[in-house]
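**Student:** Chains as they are written, first to last, in our numbering: chain S, 1 to 269; chain W, 1001 to 1552; chain E, 2001 to 2352.
Keep in mind that the hints were calculated from the coordinates and are not lab data.
Hints are not guaranteed to be accurate.
Stated by the list, open to error - Each computed SDA-like pair below joins lysine to any residue, with the alpha-carbon atoms no more than 25 Å apart:
hint	chain 1	residue 1	chain 2	residue 2
1	S	LYS134	S	GLN112
2	W	LYS1514	W	GLU1525
3	E	LYS2193	W	GLU1525
4	S	LYS105	W	SER1422
5	S	LYS134	S	SER124
6	S	LYS183	E	ALA2220
7	E	LYS2201	E	VAL2328
8	S	LYS105	S	GLY138
9	W	LYS1543	E	GLU2136
10	E	LYS2028	W	LEU1342
11	W	LYS1374	E	ALA2220
12	W	LYS1249	S	GLY138
13	E	LYS2154	E	ARG2132
14	W	LYS1374	E	GLU2136
15	E	LYS2259	E	GLU2233
Quantities reported herein were computed from a predicted structural model and do not represent experimental measurements.
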Amino acid sequence: MKKLSARRRHPLAAVVVLLLALACTGGLYVLFAPTDKAAADETAQSLAIDEGQKLYAVGCASCHGTGGQGSSDGPSLVGVGAAAVDFQVGTGRMPAQQPGAQVPKKKVIYTQPQIDQLAAYISSLGAGPSVPTKGDYGPGGADIAKGGELFRTNCAQCHNFTGKGGALTHGKFAPDLEGVSPKHIYEAMQTGPQNMPSFPDSTLSEQNKKDIIAYLDAVNGDDTESPGGLELGGLGPVSEGLFGWIFGLGSLIAVAVWVAARTAKAKKS
Amino acid sequence: MSTTASNTNPSADGPGRSRGKAPAGEKVADWADGRLGIYSLAKSNMRKIFPDHWSFMLGEVCLYSFIIIILTGVYLTLFFHPSMNEVEYHGSYVPLQGQLMSEAFNSTMHISFDVRGGLLIRQIHHWAALIFLAGMFVHMMRVFFTGAFRKPREVNWLFGFLLFVLGMFTGFTGYSLPDDLLSGTGVRFMEGAILSVPIVGTYLSFFLFGGEFPGGDFVARFYSIHVLLLPGIMLGLVVGHLILVFYHKHTQFAGPGKTNNNVVGMPLLPVYMAKAGGFFFLVFGVIAAIAAIASINPIWAMGPYRPDQVSTGAQPDWYMGFSEGLIRVMPGWEINFWGHTLVLGVFIPLVIFPLVLVAIAVYPFIEAWVTGDKREHHILDRPRNVPTRTAFGVAWMTWYFVLLIGGGNDLIATHFHLSINSITWFVRVAFFVAPVVAFVITKRICLGLQRRDRETVLHGRESGIIKRLPHGEFIEVHEPLSQEQLHTLTAHEQYRPAEIGPTVDDNGVERKAKGSEKLRAKLSEAYYGEEAQIPKPTVEEYKEITSGHGHH
Amino acid sequence: MSSQDIPEENLPAEQEHAHGAVGVADEKDPFADPGLPPHEHRIQDIDERAARRSERAVALLFTVSMLATVGFIASYVTIPHERAVYVFPIGHVNALNFALGLTLGVALFTIGAGAVHWARTLMSDVEIADERHPIEAAPEVKAKVMADFRDGAKESALGRRKLIRNTMFGALALFPLSGVMLLRDLGPLPGTKLRHTMWRKGLLLVNMNTNEPLRASDVAVGSLTFAKPEGLEEHDEDFQTEIAKAALMIVRIQPDNIKDKRELEWSHEGIVAYSKICTHVGCPISLYEQQTHHVLCPCHQSTFDLSDGARVIFGPAGHALPQLRIGVNDDGYLEALGDFEEPVGPAFWERG
Chain S
1 MKKLSARRRH
11 PLAAVVVLLL
21 ALACTGGLYV
31 LFAPTDKAAA
41 DETAQSLAID
51 EGQKLYAVGC
61 ASCHGTGGQG
71 SSDGPSLVGV
81 GAAAVDFQVG
91 TGRMPAQQPG
101 AQVPKKKVIY
111 TQPQIDQLAA
121 YISSLGAGPS
131 VPTKGDYGPG
141 GADIAKGGEL
151 FRTNCAQCHN
161 FTGKGGALTH
171 GKFAPDLEGV
181 SPKHIYEAMQ
191 TGPQNMPSFP
201 DSTLSEQNKK
211 DIIAYLDAVN
221 GDDTESPGGL
231 ELGGLGPVSE
241 GLFGWIFGLG
251 SLIAVAVWVA
261 ARTAKAKKS
Chain W
1001 MSTTASNTNP
1011 SADGPGRSRG
1021 KAPAGEKVAD
1031 WADGRLGIYS
1041 LAKSNMRKIF
1051 PDHWSFMLGE
1061 VCLYSFIIII
1071 LTGVYLTLFF
1081 HPSMNEVEYH
1091 GSYVPLQGQL
1101 MSEAFNSTMH
1111 ISFDVRGGLL
1121 IRQIHHWAAL
1131 IFLAGMFVHM
1141 MRVFFTGAFR
1151 KPREVNWLFG
1161 FLLFVLGMFT
1171 GFTGYSLPDD
1181 LLSGTGVRFM
1191 EGAILSVPIV
1201 GTYLSFFLFG
1211 GEFPGGDFVA
1221 RFYSIHVLLL
1231 PGIMLGLVVG
1241 HLILVFYHKH
1251 TQFAGPGKTN
1261 NNVVGMPLLP
1271 VYMAKAGGFF
1281 FLVFGVIAAI
1291 AAIASINPIW
1301 AMGPYRPDQV
1311 STGAQPDWYM
1321 GFSEGLIRVM
1331 PGWEINFWGH
1341 TLVLGVFIPL
1351 VIFPLVLVAI
1361 AVYPFIEAWV
1371 TGDKREHHIL
1381 DRPRNVPTRT
1391 AFGVAWMTWY
1401 FVLLIGGGND
1411 LIATHFHLSI
1421 NSITWFVRVA
1431 FFVAPVVAFV
1441 ITKRICLGLQ
1451 RRDRETVLHG
1461 RESGIIKRLP
1471 HGEFIEVHEP
1481 LSQEQLHTLT
1491 AHEQYRPAEI
1501 GPTVDDNGVE
1511 RKAKGSEKLR
1521 AKLSEAYYGE
1531 EAQIPKPTVE
1541 EYKEITSGHG
1551 HH
Chain E
2001 MSSQDIPEEN
2011 LPAEQEHAHG
2021 AVGVADEKDP
2031 FADPGLPPHE
2041 HRIQDIDERA
2051 ARRSERAVAL
2061 LFTVSMLATV
2071 GFIASYVTIP
2081 HERAVYVFPI
2091 GHVNALNFAL
2101 GLTLGVALFT
2111 IGAGAVHWAR
2121 TLMSDVEIAD
2131 ERHPIEAAPE
2141 VKAKVMADFR
2151 DGAKESALGR
2161 RKLIRNTMFG
2171 ALALFPLSGV
2181 MLLRDLGPLP
2191 GTKLRHTMWR
2201 KGLLLVNMNT
2211 NEPLRASDVA
2221 VGSLTFAKPE
2231 GLEEHDEDFQ
2241 TEIAKAALMI
2251 VRIQPDNIKD
2261 KRELEWSHEG
2271 IVAYSKICTH
2281 VGCPISLYEQ
2291 QTHHVLCPCH
2301 QSTFDLSDGA
2311 RVIFGPAGHA
2321 LPQLRIGVND
2331 DGYLEALGDF
2341 EEPVGPAFWE
2351 RG
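Same shape as in the complex, but just chain S (with noise of 0.2 Å):
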């Protein structure tokens, strides 16, 4: 241990890990990076897709069926578009570890280039909504406080007021959103994961998912404040009255013990 500590203090190893970064960034931009290129697109994309579908064949076949048309262990992929793959895989939901009430968000296995050629290839099937971009669910432009409303009218019966979750029946439940990126927030309003019913643009507009996006951000973020204090859990009354109970009212019987005992005593040694 000693000596492991030793060596990282040395002044060489900054340096070291330095250059191994740069390298490694380097590198990894001349892998991905987007060749930026309008006559290299098309060849891009069915390079992609060739590559989704190899994925596709590995991961996701044997429940959705080798041409995504569905079966007894999956719903038919066709014409969910890319948004949907997007949240899907994006999140961890998909693939699925086993059969329960719902598919739970785990750790996502596949890198965000192999996610995008899954979307590829399943956008390939047939039609359906693509991965908006930043500019669709980025804050600007969102109104805040219209977003509140919206979300109070459409999401808040299952997501509670600030997102933090709700229970559906058997077992089901509607998860916390605090930490789910915009995107994957806009992906589901727009393709309706599971039991969630979808807000299509024709209902939910795309200024109306800006908004929520917005709200969310606001009231559901890393930094949003909680003027009152501790949040407990912003699950509303409940943890409050257990909050009250216990450490309220449990600090109250303490100082009652404290006040109502017997002063020590002089003792004869």
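Dock chains W and E against the given chain S, drawing on the hints supplied.
**Tutor:** Chains W and E alone, transformed into the frame defined by chain S:
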């Protein structure tokens, strides 16, 4: 040392502090005495004795949180507008800018964000309310399990019970005032519950809301109920409750020197003046600190009420939670006949709701009837020595908590990864089964503890020292108890089961035993029969064993 | 002993062993009350230095309280009311609320702690026994009161002059009715108000989100949309009351999957419009599971099957959600074909 000296001799207190101060104070006191008779009042109360026990301070927690609620409540009325006029929000909180809301909500937002310290006072008010009711619940249970409700304190038990019930409704009306989405959902539920009342429900609802729900009246009406009507009644009851506590003098646990005819403890002046007065500040300080660190009812996150919006996790404050449980687990029964609807799915919970409360409130009278005991009781019971009462109390609490689980079923489902339907079914079954199971188990535990007490009295305390006898047997040395301990463990009374009185009266005329008499005899048998209590050791038993030096 | 009149034979055989505060160790009765134990001194009672320490502790507590109050005032004056601050582990909180709450809490708590410490360590802790007296009045007192009462009652002649008595009772019984009458104007009579909503034939279904009329083509299978009647605006005075009855939940189900015949008939190509107001106690029910077509109420978990006439499949609701009959007008917009045929929202006595 001067402090102690002057305290042990309070009569010397006044003149002793001769710095020209006392005469002035005395003059004022004389003036007041001439008009109010304060000396006679002080004579019996100034050195009133209060016994020391932490559980005797639970009532003080309630009293002080009630005072805190009144103080902070008055402050809040200075800023709150009990009106349902629609206004647009233009305060400091960004995510609600330009939203339509009632003036009630708007002014609550103003208090929370634009009045300096307003949020703190709001949070103290609400936390104190939760603690007030939690305190009353625990205080009531303390009184119940120690039998402090027995004669002469039955009326005070009812006063306390009424305070708890009124506290629930004061809390509910207060929780509804900000007209936020959560409380509005609660009010909507209340409307549905009122509508379910047969025959008059629709009319009651229209009168309460000034027409259809939500209308524009209920905030103003709830306001006067919340700040005037209910607290006024409660204040009266609190005063009555305290007067009776003073009048009856406090109960005490059995112990050396403590009898049914005395009360042992410290005097009001100075010890309890300092302890109880200090405790007020302690309670206030703890609640203020909680209000500084923990958010409560963040209405800005919930948004203004609209009847077409809702959030999951819609629950009332904890004290209404058991009614929420009742309504959630009730099957949806509805009977239609002759153009009318009997909404049993809502009306039955509405009827059971007061019955749950009444069940515990009437218990003292039932017990008094079963025992037929007309004496005053000032020595508290240890719960184990009254197994049937203790078991009943635990069964009731189990009932209450099962319903609380029902009221929070959705959050339990998400946090413990359970199915909400399974929890609902669990509560439906547990509503009937759990209290019975709790009753049986508690009674057995009580009897076990009684047996252990009996063993301890007869054979002494297990000292943990192992001794080897000459013939090789190992025994544990039992330490005999002191007389104080012996007295404390045997001071309780044990009733014998009542029998049905003679079926032949004084004139030799035969009479039939009434049904009520038979019931009473049966209950008495269940309370005090051989199965229901372990006979406490007698002096003879004790002497026999101790004189024989039996170490087993 | 207050056992003079206990007629019941089931009372405890042994009465208390207590013999008052001054008990004597009894050879015959080892369980007898030994009386109050002798007072033991605290350290502070015998050691003046310990007492001084206590005194200083109390004074320190009171001083802290004074400082905390100064801190409270300083916070009030200096901290801007909208400033947020990060406090570990609480999070981003309002700085003013946090500072005011803590200083107030400390100021109050230390006053209490000082007073209690003073009482516990420096005031006399000698236990005193106070005699109790029976609450019940002595028989003589009771006799006197009863006699007084009889005299008073006799002098009032209430028992003899029955006419006075009866008319007085009548008057006292009747006058509260005035108070009850005065409550009449608390609200209008229900009439048939709960039976009707704003919906009528030809009203367009307006999307809650965009405030635009909905086209049939806007509503996709698996989507969820909320709608209000055309002409109802948020600024309207009666918006809250009207939306409380008229709010709609619109979903599209493959016509093959709709099990209820009437539901299919009242839909437009599988687009069904149901009341958003739960038939249990009126929560806006809308937790729609698009795969199962179940909709759950967040308040009390009533569950309805939207593919089967919205019948209740779980929970405390007593009857199905009312369906609004809809069609499409010439321009392709969804429109109501009339009001709901049954009252929306919670059931009531006159519902039938």
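**Student:** Next, verify each hint and record whether it holds.
**Tutor:** Cross-check of the supplied hints:
1. A threshold of 25 Å between alpha carbons decides the hint, and for LYS134(S) with GLN112(S) the separation of about 15 Å falls inside it, so the pair holds.
2. For the suggested pair LYS1514(W) and GLU1525(W), the alpha carbons sit about 17 Å apart, so the restraint of at most 25 Å is met.
3. A distance of roughly 58 Å separates the Cα atoms of LYS2193(E) and GLU1525(W); the hinted pair therefore is violated under the 25 Å criterion.
4. Of the supplied pair hints, the one linking LYS105(S) and SER1422(W) holds, its CA atoms being roughly 23 Å apart against a limit of 25 Å.
5. For the hint pairing LYS134(S) with SER124(S), the CA-to-CA distance comes to about 23 Å; that is within 25 Å, so the pair holds.
6. Proposed proximity of LYS183(S) and ALA2220(E) is supported: the alpha carbons are some 22 Å apart, at most 25 Å.
7. Simply put, LYS2201(E) and VAL2328(E) have alpha-carbon atoms about 11 Å apart, close enough for the 25 Å limit, and the pair holds.
8. The suggested pairing of LYS105(S) with GLY138(S) holds, with an alpha-carbon distance near 23 Å, which does not exceed 25 Å.
9. Proximity of LYS1543(W) to GLU2136(E) is assessed by CA-CA distance (about 39 Å); at most 25 Å being required, the pair is judged violated.
10. With a C-alpha separation of about 70 Å, the suggested pair LYS2028(E) and LEU1342(W) falls outside the 25 Å cut-off, and the hint is violated.
11. In summary, the hint linking LYS1374(W) to ALA2220(E) is not supported, as the alpha carbons are separated by about 76 Å, beyond the 25 Å threshold.
12. Between LYS1249(W) and GLY138(S), the direct Cα distance comes to roughly 70 Å. Violation of the 25 Å bound is thereby established for this hinted pair.
13. Restraint check for LYS2154(E) and ARG2132(E): not satisfied, since their Cα atoms lie roughly 37 Å apart, outside the 25 Å limit.
14. The straight-line distance between the Cα atoms of LYS1374(W) and GLU2136(E) is roughly 11 Å, inside the 25 Å bound, and the hint therefore holds.
15. Annotation: proposed proximity of LYS2259(E) to GLU2233(E) is violated, straight-line Cα distance about 35 Å (limit 25 Å).
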